[in-house]
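Chain by chain, the residues:
There are 2 protein chains.
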Amino acid sequence: MDKKFWITKEPINPNDCIKKVVRNEAGAVNTFIGTVREYTDGKRTLFLEYQAYVPMAEKKLVQIGKEIEEKWEDADTSIVHRIGRLELTDIAVVIAVSTPHRTDAFEASRYAIERIKELVPIWKKEHWEDGTKWLGDQQEKTSYAANNPLKEGMRDD
Amino acid sequence: MDKKFWITKEPINPNDCIKKVVRNEAGAVNTFIGTVREYTDGKRTLFLEYQAYVPMAEKKLVQIGKEIEEKWEDADTSIVHRIGRLELTDIAVVIAVSTPHRTDAFEASRYAIERIKELVPIWKKEHWEDGTKWLGDQQEKTSYAANNPLKEGMRDD
Numbered sequence: 001m002d003k004k005f006w007i008t009k010e011p012i013n014p015n016d017c018i019k020k021v022v023r024n025e026a027g028a029v030n031t032f033i034g035t036v037r038e039y040t041d042g043k044r045t046l047f048l049e050y051q052a053y054v055p056m057a058e059k060k061l062v063q064i065g066k067e068i069e070e071k072w073e074d075a076d077t078s079i080v081h082r083i084g085r086l087e088l089t090d091i092a093v094v095i096a097v098s099t100p101h102r103t104d105a106f107e108a109s110r111y112a113i114e115r116i117k118e119l120v121p122i123w124k125k126e127h128w129e130d131g132t133k134w135l136g137d138q139q140e141k142t143s144y145a146a147n148n149p150l151k152e153g154m155r156d157d
Numbered sequence: 001m002d003k004k005f006w007i008t009k010e011p012i013n014p015n016d017c018i019k020k021v022v023r024n025e026a027g028a029v030n031t032f033i034g035t036v037r038e039y040t041d042g043k044r045t046l047f048l049e050y051q052a053y054v055p056m057a058e059k060k061l062v063q064i065g066k067e068i069e070e071k072w073e074d075a076d077t078s079i080v081h082r083i084g085r086l087e088l089t090d091i092a093v094v095i096a097v098s099t100p101h102r103t104d105a106f107e108a109s110r111y112a113i114e115r116i117k118e119l120v121p122i123w124k125k126e127h128w129e130d131g132t133k134w135l136g137d138q139q140e141k142t143s144y145a146a147n148n149p150l151k152e153g154m155r156d157d
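Chains V and B are the protein sequences, given in the same order. Numbering-wise, the first sequence is residues 1 to 157 according to UniProt numbering. Numbering-wise, the second sequence is residues 1 to 157 according to UniProt numbering.
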């Protein structure tokens, strides 16, 4: 995969992102990896399903990379998000940001995951032990019906 | 390598640490990777050499892992540091911390790299374009002669 920002149905290897940002100018790489957790507030997850509006999701990931380049000097970013069915401990998302010095790498990586959850049209379906639920956005604050990221996304295309 | 905290002469793969902390209870892994940077304040590095007092360095890495477990609930940590000759872009250190939620993973990973630089007896020799210099500690604030981590380390053994 030559892209630096992409959506995939395949298992993710963190090195796919890390290798794209390691370079002579960087002394630090911060990597954030989101994995499928078993318990949330005492409820047991069996597995997850992610769906995305792929072209828009990749476009938004590219945008986040540009925002990071503007905010942190000489930062380089790569992000991949997986969709489809994910089992416990599977990697859902990897962010890698390289910078000359480490403080910037930590800050920019943190910024990236928060922006992904605000901005990127990816839907998560929780398969709990006692049922299923589509979560409307990645912040999980609003329901699917009330806040469909596709609507905003489509206007942008 | 079965250890979760170790010093190595071999090239480091970040997955060596990441795989040791991914687990059902965790939803987040933060990874910090330190790499050999070419330019520092306009001076060009050709390559680096790291030396360590290995048993004490590994003991201090274990200690940092314990500190993290005490400070962040349900955190799991793995750290590897390379020694010997490292070329530009080579990985010198990898920290991976997994936690149930992401804020803790970022904070604990940041804590780990600061503690490594404070605490772990590893010496760095810069091979600049115009000469060499042994740096006395990883904070690079004191000279080798004035602050030899081995002295403190030996007392502790």
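Calculated directly from the structure, the hints in this document are not laboratory data. Quick caveat, the model's predicted, so the values are computed rather than measured. It is possible that part of the hints are untrue.
No distinction is drawn between identical chains; accordingly, a pair holds when it is met within one copy or between any pair of copies.
[Said to hold, decoys possible] Straight-line Cα separation of at most 35 Å, DSBU-like style, residue types lysine-lysine; simulated pairs:
hint, residue 1, residue 2
1, K71, K43
2, K66, K19
3, K43, K59
4, K43, K66
5, K9, K125
**Study point:** Intra- versus inter-copy proximity for K43 and K71 (alpha-carbon distance at most 35 Å)
**Key:** For K71 and K43, only the inter-copy Cα distance (25 Å) is at most 35 Å; the intra-copy one is 38 Å.
Review point. Is the C-alpha distance from K9 to K125 at most 35 Å within one copy, between copies, in both cases, or in neither?
Key: within (15 Å within a copy, 44 Å between copies)
Check your understanding: Is it within, between, both, or neither for K66 and K19, if the alpha carbons may be no more than 35 Å apart?
Key -> Result: close both inside a copy and across copies, 19 Å intra and 30 Å inter.
Review point. Are the CA atoms of K43 and K59 at most 35 Å apart within a copy, between copies, both, or neither?
Key: within (34 Å within a copy, 38 Å between copies)
**Study point:** Homo-oligomer pair classification [K66, K43; C-alpha up to 35 Å]
**Key:** between (37 Å within a copy, 29 Å between copies)
Checked against the numbered hints given earlier, the structure satisfies every one of them.
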